[in-house]
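J.: Please construct the entire structure, taking both the sequences and the accompanying hints into account.
Going down the list, the protein sequences come from chains A, B, C and D. Under this note's numbering, read the first sequence as residues 5 to 332, first letter to last. Under this note's numbering, read the second sequence as residues 257 to 596, first letter to last. Under this note's numbering, read the third sequence as residues 1219 to 1550, first letter to last. Under this note's numbering, read the fourth sequence as residues 271 to 557, first letter to last.
Bear in mind the hints are in silico, worked out from the structure with no lab data behind them. A quick note: this is a predicted structure, and the numbers were derived from the prediction, not measured. Each residue gets a CB set at the ideal place from its N, CA and C atoms; glycine is no exception. Treat the hints with care, since some could be wrong.
[Stated by the list, open to error] With beta-carbon atoms standing in for the labels, derived distance ranges:
| # | chain 1 | residue 1 | chain 2 | residue 2 | range |
| --- | --- | --- | --- | --- | --- |
| 1 | B | Pro320 | D | Ala321 | 42 to 50 Å |
| 2 | A | Asp155 | C | Arg1509 | 22 to 30 Å |
| 3 | B | Met321 | A | Ser107 | 50 to 58 Å |
| 4 | A | Asn274 | D | Ala288 | 46 to 54 Å |
| 5 | C | Gly1458 | B | Leu259 | 50 to 58 Å |
| 6 | A | Thr22 | D | Lys276 | 16 to 24 Å |
| 7 | C | Gly1490 | D | Lys276 | 55 to 63 Å |
[What the hints assert, rightly or not] Examples of chain C residues lying across from chain A (beta carbon under 7 Å, computed):
| # | residue |
| --- | --- |
| 8 | Ser1263 |
| 9 | Asp1399 |
| 10 | Ile1407 |
| 11 | Ser1470 |
[Stated by the list, open to error] Simulated crosslink set (DSS-like; lysine-lysine; CA at most 30 Å straight-line):
| # | chain 1 | residue 1 | chain 2 | residue 2 |
| --- | --- | --- | --- | --- |
| 12 | D | Lys518 | B | Lys556 |
| 13 | B | Lys512 | A | Lys125 |
| 14 | A | Lys90 | A | Lys129 |
| 15 | B | Lys508 | A | Lys144 |
| 16 | B | Lys512 | A | Lys132 |
| 17 | B | Lys384 | D | Lys281 |
| 18 | D | Lys460 | C | Lys1298 |
| 19 | D | Lys460 | C | Lys1358 |
| 20 | C | Lys1500 | C | Lys1516 |
| 21 | C | Lys1482 | A | Lys278 |
| 22 | C | Lys1326 | D | Lys281 |
| 23 | A | Lys250 | C | Lys1482 |
| 24 | C | Lys1342 | D | Lys460 |
| 25 | A | Lys125 | A | Lys90 |
| 26 | C | Lys1340 | C | Lys1326 |
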Amino acid sequence: MEEKTNVLEVRDLSVSYTVANVKTHVLENVNFSVEKGKSVGIVGESGCGKTTTMRAILNVLPSNGTVESGEILYNGENILNMPNNKLQDYRQKGAGMIFQDPSSALNPVISIRNQFLEALKYAHKDKKLTKAQLLEKAAKALEQVSLADPDRILSSYPFQLSGGMRQRVCIAITLAAERQILLADEPGTALDVTIQDQILRLIKSLVEAGELSVIMVTHSLGVIRQVTTAVNIMYAGTIVEGGDTKEVFGHPMHPYTQALMDCLPKLTGNGIAKGIPGRIPDYSSPPGGCRFAPRCPYVTDRCLTEKPVPHETGGGHWTSCFKAEEGR
Amino acid sequence: MSLLKSILKRLASALVVLLGLTIIIFVLMRIVPGDPARLALGANVTEDVLEKYREANHLNESLPMQYVYWLTGALRGDFGMSAVTKRAVIQDITDFAPATIELVLWAGFPPILAALFLGVTSAQHKNKWQDYLCRFLGYIFVATPTFVFAVLFVLVFGYWLPVMPTIGGRLSPSFVIPDITGLYVLDALLGGQPAAAWDAFLHLLFPALALALGKTMQEARITRSSMLQNADKDYITMVTSQGVPQSVVNRKFLLKPSVIPTVTIIGMDIATMFGNAFLVERIFNWPGLSSYGMTAILNKDTNAVCAVVLIIGLAFTLTSIAVDIVAMILDPRMRQKRTR
Amino acid sequence: MGDIILEIKDLKKYFPLADGRTVKAVDGVSMKLYKGETLGLVGESGCGKSTIAYTVVGMYGASGGEVLYKGTDLAKKGYKRTLKQKGEIQIVFQDPGSSLNSRRTIEKSMEVPLDIHDRMPKEKKTERIEELLEMVGLPKEYKSKMPRNIGGGERQLISVARALATNPEMIILDEPTSALDVSVQAKVINTLIELQKKLELSYLFITHDLSLMRNVATRVAILYLGRLCELAPTTEFFHGPLHPYTQMLLSSIPVVTEEEEAIKPGQIISQGEIPSPVNAPKGCTFHTRCRDCMEICKTEMPVMTEVEPEHFVCCHKYTAKQEKQEKQEKQK
Amino acid sequence: MKAERKEAMIKNWYKFSAGGVSVIGLAIVLLIILLAVFAPVIAPYPEDAGAVVKFAESSQAPSMEHIMGTDTMGRDVFSRLLISLRGSLLMGVLVLAIAVPVGFVVGVLAGYYKDTWVETVLMRIVDIFLSVPALVLALAIAAILEPNLRNSMIAITIMWWPWYARLSFGVASSLRTENYIVYAELTGAKLSHIIFKEFLPNTFDQILTKMTLDMGYVICMGATLSFVGLGEQPPMPALGNMINDGVKFLPEMWWLAIYPAVTIIVIVLGFNLLGDGVGNIFNVEGK
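T.: So this is what it looks like as structure tokens:
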């Protein structure tokens, strides 16, 4: 077996936001890593902190967000306290992100061509490429994401494109930079399923060719299963379960993961479960113990007061749940 | 849609609006109590003379026909006679317009740069002393009516610290400059008389400042708030996350979308200046169209009032078209939307 | 099959563009909705599924064809719907953010249909609203809440309750859960299914989510660029999809279990892009992306054929087969 | 429910007072309203607000007796200033009371019927009124009518409603495709329901914010008209005509013009600051 090298490692990351003088503790001790040339998924429902995690990895949290603790290691170096020029370098060549909302991620008053050029100029600055060469890369990336007429797209402004096209332009800008790590935030949400399938296949093929490491966050378990080899289930800012994708989906252990799987409508057509009662907790005063406890059908007193720690059940599959730990 | 097509569309709609304006003006002119012939000729003329005047001015026709006659006259530049100056109104207007145009040009355009500079500085030093100073002055200046500025300037710079040229006029009588554009500073420079240009500029400075200060701070405020708003947008985070240096992000990605709101209100601001000039010109004795219009209004000189209102409407429409074109160049989205 | 409550015949809806071209959003669609069933109308963006819904509900008129509700053509030029019809045909919209007026309480929003269709004294109205809330499984205290204080799923349930206020016979569900998380979607869907059983409602369910339709719909109809590709009872549809587009759609769905993987028609790789409905391809609109494209597909529009009872396909592959079979039968 | 409302109040106050300055604005506005309401009681010489001549006390500089001095007729400037506040505030209230409903209805109708002839006609009319600086046409109208306080209000109202029409048009045309509007339509709601029950609550935030700001600007425009003699007529005091009278005696008798001028600035400033705070509550960007 070849040696594992983690190209990116997130350790004990906690992030909070301050909204109207109230502090909300969104992420709590998030841990995960991605190996070189592998793909990792983070699944969770809206408001669980997926996007915050991604932004933290690039150190571009909104101005009211703060990293409370933890580190994010890129090739062993913590990017959270990197000097500015190194951080710039990391963003240019290390990791790049596909933003979730295609309608706000592109500058409305700058042509797609110039947005490509500006981004690629810095991403490829060591190679001293000419403008024409950069545009060639842009055109190639656009073709990769199944946009048929790159010239027309390049000379357009974002408002002239449909939502699906904009999203693919965002993907193409990020891919054309040819960074080591791709952070994909809901890369298919705005796309039709047949187009989404093409994009997912593309990302998967890039990973399989060993060119790319991917961290993908999405609410869709299916997308994760199609692309990634390892998965982390996120609930209310904590990762509750993780491991090999097929294994986790095949034998979910955390009550949240199980409930999520049951709620999902399946092609086999055996109905849909009742759903999970309650709502995601208020981050300004999150539950003291397990964050899922208030909605959990198997809750015990211990869950309400004590925070569960990851418990491995074999084959790299682990979960943070007392039920699994106690073997109930 | 192409830029040209949008501009043409914009022009067409402006034409409709101007036509509507002439109707309003005409209605205003006709609701003046009393017999228009009598008003024009005075109390001591015979019925015969009045009748002749009515005949000559189509006052016996139906109102819509009168409007048509008035409009065709106006289109040819014939607004009738002024009751105050006893000259053709159009002549008065051509005499007085350049002074107002010069004043509004100076008050309207150079301060935009100041506004942008202050807005950007304020945003980049958010909650530091520069920002607080800008915002404090902004609140005070925006709250000050233009005529109060004018009065204060006269008091402070006219009497207390007499840096202002003797009150009134556009140029000290000792200078004679060629009449080329009607804009004195420019004419003086074209005529190779820097001293005269400086003198004309000093005459201009305080009226222009009185007109500009409030609007400039308003524009600065808008620039500041749109800079700050946009700085947290995804598209800025996206380029930052791509490793584009902060200075480049600010210059190439943040500035352009942020100045657009400012640019779009400039048209409105300049229009308001044409209005406020009515008072400023009066207080500073500036021999312009607005001062002429003000005299006409106070003396119920209907022909002159209508002409001045129409001319100012035209000037405003042209300015806002110009501003819209600039906005369309800056913001491709505007080319699609129908403007105003 | 029961009574037909709604029949759409050759429905067309064209939108003129500013530059003189037209978008053929719906171009000749025919289908029936039986009483008490759920017909799933599935397709990707630009396929015209929402346009059909909006035409049925009366947001805009049709450019051609008929919309027969209990035998009355609602789409006839100049026909004005009666208040009764407006009450009987209700709609639940996709976006939970905009389906309720954010500035009015739940009670006020729910009063809208009551005030129009069922005037009653204030106290009875409050009672009725509480009853409706109970029907969708929400506590009656919700009536005094503002929309921003409740979750997206709950907002959708309020929309459902509001639609029930006029005692509808048929509800058009325009992607009612596509903006919701699956755990929330589950509750909304289950409530809808229960209500349907209890009140004998007919649903026209618009969605892009085929997996959801597998669990909800009685029959499924697939649309592509304003035309119907395939229409079949759900079980049959998922076990033997016939149209190449349907097969491509099914194989593109990301799934989570091995069992599901087995159902997907494998080895069909999604290709090409959905053409703009402004200049839809000639012939079969799907031919530009079809892996089985034949010469005839590029020029001639296929027609809807019933290949098996209640299983309709619109594809030259099957029309050709059908004709052959018929010929053979004749020869026999 | 009560707790929820209380929480909302606290949150709104937090948003309102976030900048700090809005509280100052609120204080200024409250003070001005109180002063105006109780002016006849507070004013040391309430009779000076009319045609009074007191030669013995004429042209006095500010002193303990006349804290803002007296004018050439010996009238107390402070008293006249207090009384003039009433006319100014009344003007602000009345102008907006008429301009806002008219503008709202016109704008909402145009927005709701966007892309039809209704929009074209209504919005062209609005555009025409906006094609000339408000002050110019207001001056012209006020001059054609008899110059007095009432007519200056009429003139300002005629120029002010188009702004509310434009504001409401913007809101209505972006909300008209919202599902709750479409739903009300489809269920058979009347136009009046759609305008007043659906659009009005959603336009309210922006209208209220603009109204607060505009109170100051209307007062300012009223003062401008009265400055050139087209408002309240002497001997009754108004902020504008007091300044106009005072300008003639600059710079020696500076108190005649300066105090009313500062008063206007403070009023407009107060409403501006208050308007910013109101806008912060609703997340509406002020002008």
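J.: If a hint holds in the structure, say so; if it does not, say that too.
T.: Results for each hint:
1. Taken as a hint, the range 42 to 50 Å holds for the pair proline 320/B and alanine 321/D, whose Cβ atoms sit roughly 47 Å apart.
2. Distance hint for aspartate 155/A and arginine 1509/C: a CB-CB separation of about 28 Å, consistent with the stated range 22 to 30 Å.
3. A C-beta distance of roughly 55 Å is found between methionine 321/B and serine 107/A, which places it inside the suggested range of 50 to 58 Å.
4. Judged by the Cβ atoms, the range 46 to 54 Å given for asparagine 274/A and alanine 288/D holds: they are separated by roughly 53 Å.
5. Evaluation of the 50 to 58 Å hint for glycine 1458/C and leucine 259/B yields a pass: the beta carbon distance comes to about 55 Å.
6. Here the CB-CB span from threonine 22/A to lysine 276/D is close to 22 Å, well matched to the stated 16 to 24 Å.
7. Taking 55 to 63 Å as the suggested C-beta distance range, the pair glycine 1490/C and lysine 276/D conforms, at roughly 58 Å.
8. Below 7 Å, beta-carbon pairs count as interface contacts, and serine 1263/C has one with chain A at about 5 Å; its hint therefore holds.
9. For the restraint placing aspartate 1399/C at the interface with chain A, the shortest Cβ-Cβ distance is roughly 4 Å, inside the 7 Å limit, so the hint holds.
10. About 6 Å separates the beta-carbon of isoleucine 1407/C from the nearest beta-carbon of chain A, less than 7 Å, and the hint is met.
11. Hint on serine 1470/C holds. Least Cβ distance to chain A is approximately 4 Å, under the 7 Å limit.
12. For the given pair, lysine 518/D sits about 24 Å from lysine 556/B by alpha-carbon distance, which is consistent with the 30 Å threshold.
13. Under the criterion of a C-alpha separation no larger than 30 Å, the hint pairing lysine 512/B with lysine 125/A is consistent with the structure, at around 20 Å.
14. A threshold of 30 Å between alpha carbons decides the hint, and for lysine 90/A with lysine 129/A the separation of about 14 Å falls inside it, so the pair holds.
15. Taking the CA atoms of lysine 508/B and lysine 144/A, the gap is near 25 Å; set against the 30 Å cutoff, the hint holds.
16. In summary, the hint linking lysine 512/B to lysine 132/A is supported, as the alpha carbons are separated by about 27 Å, within the 30 Å threshold.
17. Simply put, lysine 384/B and lysine 281/D have alpha-carbon atoms about 26 Å apart, close enough for the 30 Å limit, and the pair holds.
18. A threshold of 30 Å between alpha carbons decides the hint, and for lysine 460/D with lysine 1298/C the separation of about 15 Å falls inside it, so the pair holds.
19. Taking the CA atoms of lysine 460/D and lysine 1358/C, the gap is about 28 Å. The hint holds against a cut of 30 Å.
20. Taken as a hint, the lysine 1500/C and lysine 1516/C pair is honoured in the structure, with Cα atoms around 6 Å apart against an allowance of 30 Å.
21. About 26 Å separates the Cα atoms of lysine 1482/C and lysine 278/A, which keeps this hinted pair within 30 Å; it holds.
22. Pair hint lysine 1326/C plus lysine 281/D holds up; C-alpha atoms about 24 Å apart against a cutoff of 30 Å.
23. With a CA separation close to 18 Å, the supplied pair lysine 250/A and lysine 1482/C stays within the 30 Å bound.
24. Restraint check: the Cα-Cα separation between lysine 1342/C and lysine 460/D comes to about 22 Å, which is no more than 30 Å; the hinted pair holds.
25. The straight-line distance between the Cα atoms of lysine 125/A and lysine 90/A is roughly 17 Å, inside the 30 Å bound, and the hint therefore holds.
26. For a cut-off of 30 Å, the pair hint linking lysine 1340/C to lysine 1326/C stands: about 12 Å separates their Cα positions.
Hint violations for this structure: none, all hints satisfied.
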